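Okay, here's what each chain looks like letter by letter:
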Amino acid sequence: MTEVSTSKTPYVFLTLGVICLLVGSYVGLFIAPREEYMGDVQRIMYVHVPTAWNWMLAVIFAFGCAIAFLFKSDFKWDARMEAGVEVSVLFALLLCIQGSLWAKPTWGVWWDWDPRLTSVAVLLFASLGILALRKFVEDPLKRAIWSAVATIIASVDLPIVYFSVKWWNSLHQQQSSPQTVSSAFHLPLRVNAFGILFLMIAFIMLRTRVAAMRLRYETSAPPLVAEGELA
Amino acid sequence: MIAALSKELLLQWRTRAQMLAVFVFGAASLLLFSFAIGPNTDAMRTFSAGFLWLGLLLSSTLTLAESFHAEMENRALEGLLLLPSNPRALYYGKAIANWLQLAILGVMLVPVMVILYDAGPKQILLMLLVIILGTAGLSAPGTLYAAMTAQVRAKQTLLPLLLFPLIVPALLASVKATSLAILGDPMEQSRAWLGLLFAFDLIYWALCGLLYGRVVEE
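In the order they appear, the protein sequences are chains A and B.
Heads up: the first sequence begins at 37 in this note's numbering, then just goes up one per residue.
Heads up: the second sequence begins at 181 in this note's numbering, then just goes up one per residue.
Calculated from the structure, these hints are not laboratory results.
Computed from a predicted model, the values in this text were never measured in an experiment.
We put the CB at the ideal spot given by N, CA and C, even for glycine.
Accuracy of the hints is not assured; some may be wrong.
[What the hints assert, rightly or not] Cross-link-like lysine-lysine pairs, in silico, DSS-like; alpha carbons within 25 Å at most:
| id | chain 1 | residue 1 | chain 2 | residue 2 |
| --- | --- | --- | --- | --- |
| 1 | A | Lys171 | A | Lys112 |
| 2 | A | Lys44 | A | Lys112 |
| 3 | B | Lys335 | B | Lys187 |
| 4 | B | Lys335 | A | Lys178 |
| 5 | B | Lys335 | A | Lys171 |
| 6 | A | Lys108 | A | Lys202 |
[To be verified] Here are the in silico distance ranges between beta carbons for each label pair:
| id | chain 1 | residue 1 | chain 2 | residue 2 | range |
| --- | --- | --- | --- | --- | --- |
| 7 | B | Leu189 | A | Arg226 | 55 to 61 Å |
| 8 | A | Ile103 | B | Ile182 | 39 to 45 Å |
| 9 | B | Ile383 | A | Lys171 | 53 to 59 Å |
| 10 | B | Ala223 | A | Leu242 | 49 to 55 Å |
| 11 | A | Lys178 | B | Pro264 | 20 to 26 Å |
| 12 | A | Leu137 | B | Ile295 | 42 to 48 Å |
| 13 | B | Ala216 | A | Ile55 | 31 to 37 Å |
[Stated by the list, open to error] Okay, the calculated bits of chain A under chain B, using three or more residues with CB under 8 Å as the criterion:
| id | stretch |
| --- | --- |
| 14 | 166-174 |
| 15 | 179-186 |
| 16 | 190-196 |
So here's chain A without its partners, still in its complex pose:
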């Protein structure tokens, strides 16, 4: 098991991320114009959409690490996958909270069982199940293999989440593109997207270190008896 990395890169990402997020949110909250139909409530889009994008990236990352582990059997992929799943749970929870905050004034309810929200909830619970599975299995190899398998199966839900607004008559909006979103909104959205991306990368890197440290402890042999201590 290789040494756990101690580079300062994640902290660079953290700082960059916080700065981008602050700038983007400031522009989004105070400088960008009000939306025509929704008013100021729409401003949550500046965090909700980037969180959604980065959540999907985290899920894809976890999926990739799961496949990498099953093919390579290198524990560093298991550490990265654990980080990816945890960060994706965090982002999914944030997504649901932000969405609910927007939904109450707009749709009148905190939650609705339309296809997109339902599929996000499914993936959130599946990820929580994967974390629970990891807690209950003690053998590192079995834990890694099983959670990799479970992650692959759970990630099958992600295309359903993405395409749900297109395939079904969902209450949630359809996908937007730069053509459908007014240019006044682009800047804060993009800045925030990068901000949250940097934060996500930093979180994943730091969490991977924690996971790698624990794996190193679990997979190493116990210390040899010291000189003169033999029973």
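Given the coordinates of chain A, work out where chain B should sit on it, guided by the hints.
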């Protein structure tokens, strides 16, 4: 795979008393669900499909967990894996046997549903088809997760925790299609739901079979 399947069926036949116990569990849960709504016949009929599938889902956690019971005794699982056959064959044999068991359970619960909720299906063939496809969707990931969780400590908690989020699409489609069978289907929507169910089954039967080898290897 045929050998694995016939072994599973033989085991199930020998423990058929257990099937009766699971059926009683399912019927009892259907009874309890009816208390959630109260003596409102119309509401009960409207939701009867949901109750049926929830009852079936809860019973499935019992049958799926039980299905690996024989393999856990005396490390029989390793013995089976030492055979010169593809572990995938073992998986499919077990998954098919579980599917059969769940489908029979589903069919047995339909009369209970009819009696308790006054919900006679208007299209019996559609109902049968939904039960067959729906239980297939339950069985594939269920067998895979049962293989995983049979080997850990908190098996009874982990299996439902892992399985339930995953089979939500299958559950949704089955409930919708069943309620169309019971309440009538003026707009011919059942085809779409059956299509979804079929796609779900195809994807998961393929995926879980591929992954099974890694799950049980030492």
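Hints and how they fare:
For the proposed pair Lys171/A and Lys112/A, the alpha carbon gap of about 18 Å is at most 25 Å, so the pair holds. Proximity of Lys44/A to Lys112/A is assessed by CA-CA distance (about 19 Å); at most 25 Å being required, the pair is judged to hold. The straight-line distance between the Cα atoms of Lys335/B and Lys187/B is roughly 24 Å, inside the 25 Å bound, and the hint therefore holds. Straight-line distance between C-alpha atoms of Lys335/B and Lys178/A comes to about 15 Å, which keeps the hinted pair within the 25 Å bound.
Between the alpha carbons of Lys335/B and Lys171/A the distance comes to roughly 13 Å, so the proposed pair stays at or under 25 Å and holds. The hinted pair formed by Lys108/A and Lys202/A fails the criterion: a straight-line CA distance of about 36 Å is larger than 25 Å. Taken as a hint, the range 55 to 61 Å holds for the pair Leu189/B and Arg226/A, whose Cβ atoms sit roughly 59 Å apart. For Ile103/A and Ile182/B, the Cβ-Cβ distance of about 32 Å falls outside the hinted range of 39 to 45 Å, so the restraint is violated.
With their beta carbons about 28 Å apart, Ile383/B and Lys171/A fall outside the hinted range of 53 to 59 Å. About 51 Å separates the C-beta atoms of Ala223/B and Leu242/A, a value consistent with the hinted range of 49 to 55 Å. A hinted range of 20 to 26 Å holds for the C-beta pair Lys178/A and Pro264/B, which are about 24 Å apart. Checking the proposed 42 to 48 Å range against Leu137/A and Ile295/B shows it holds: the Cβ atoms sit about 46 Å from each other.
Ala216/B and Ile55/A have their C-beta atoms about 52 Å apart, which leaves the hinted 31 to 37 Å range violated. Counting residues of the stretch 166-174 of chain A whose C-beta sits closer than 8 Å to any C-beta of chain B gives 5, which meets the bar of three, so the coverage hint holds. For the stretch 179-186 of chain A, the proposed coverage by chain B is satisfied: 5 residues have a C-beta within less than 8 Å of a C-beta in that chain, meeting the threshold of three. A stretch counts as covered by a chain when three or more of its residues have a beta carbon under 8 Å from one of that chain; for the stretch 190-196 of chain A and chain B the count is 4, and the coverage holds.
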